[in-house]
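I would like the entire structure built from these sequences, with the hints used as guidance.
Numbering (the working numbering), first residue to last: 19 to 154.
Please keep in mind that the hints were generated in silico from the structure rather than gathered at the bench. It is possible that part of the hints are untrue.
As the list claims (entries may be wrong) - When the alpha-carbon atoms are kept at most 30 angstroms apart in a straight line, the in silico DSSO-like pairs for lysine-lysine are as follows:
1. K85 <-> K70
2. K75 <-> K103
3. K70 <-> K100
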Amino acid sequence: MRIVVTDGYALNPGDLSWGIIERLGELTVYERTSVDLVVERCNEADVILTNKTPVSKGDLEELANTKLISVLATGYNIVDVKAAKERNIIVCNVPAYGTASVAQHTFALLLELTNHTGKNAASVSGGDWVRSKDWS
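Here it is in structure tokens:
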């Protein structure tokens, strides 16, 4: 199975491993793919993994091998779903990929609002505590 990642940098700027996906087949990862390169880069792909790179009706008409397009984000508006369905290409997404990080960010903002964490960290880094006459 041939797997193409169209915009690997958006998905993995270098801090993650593609190993799990590599075990599924022959993997090619492009950091970024412009719309005019989709067909050229995905021509032999059975599976296309994308995040930001659109896949149009025109692209799908030329991608004879493609069986699955997975948008590695919550939406799938970057893929012409109707055209994919006509060609029996499955389109899916990852609807809850950000749930944990959104919850984490929410609590970080709450702590900032209630404890002024950023302001206090800047104060410590700026030397305010070691210069204080009342506390060190």
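Quick rundown of the hints versus the structure:
| no. | hint | verdict |
| --- | --- | --- |
| 1 | K85 <-> K70 | holds, 19 angstroms |
| 2 | K75 <-> K103 | holds, 11 angstroms |
| 3 | K70 <-> K100 | holds, 19 angstroms |
The structure agrees with every numbered hint stated previously.
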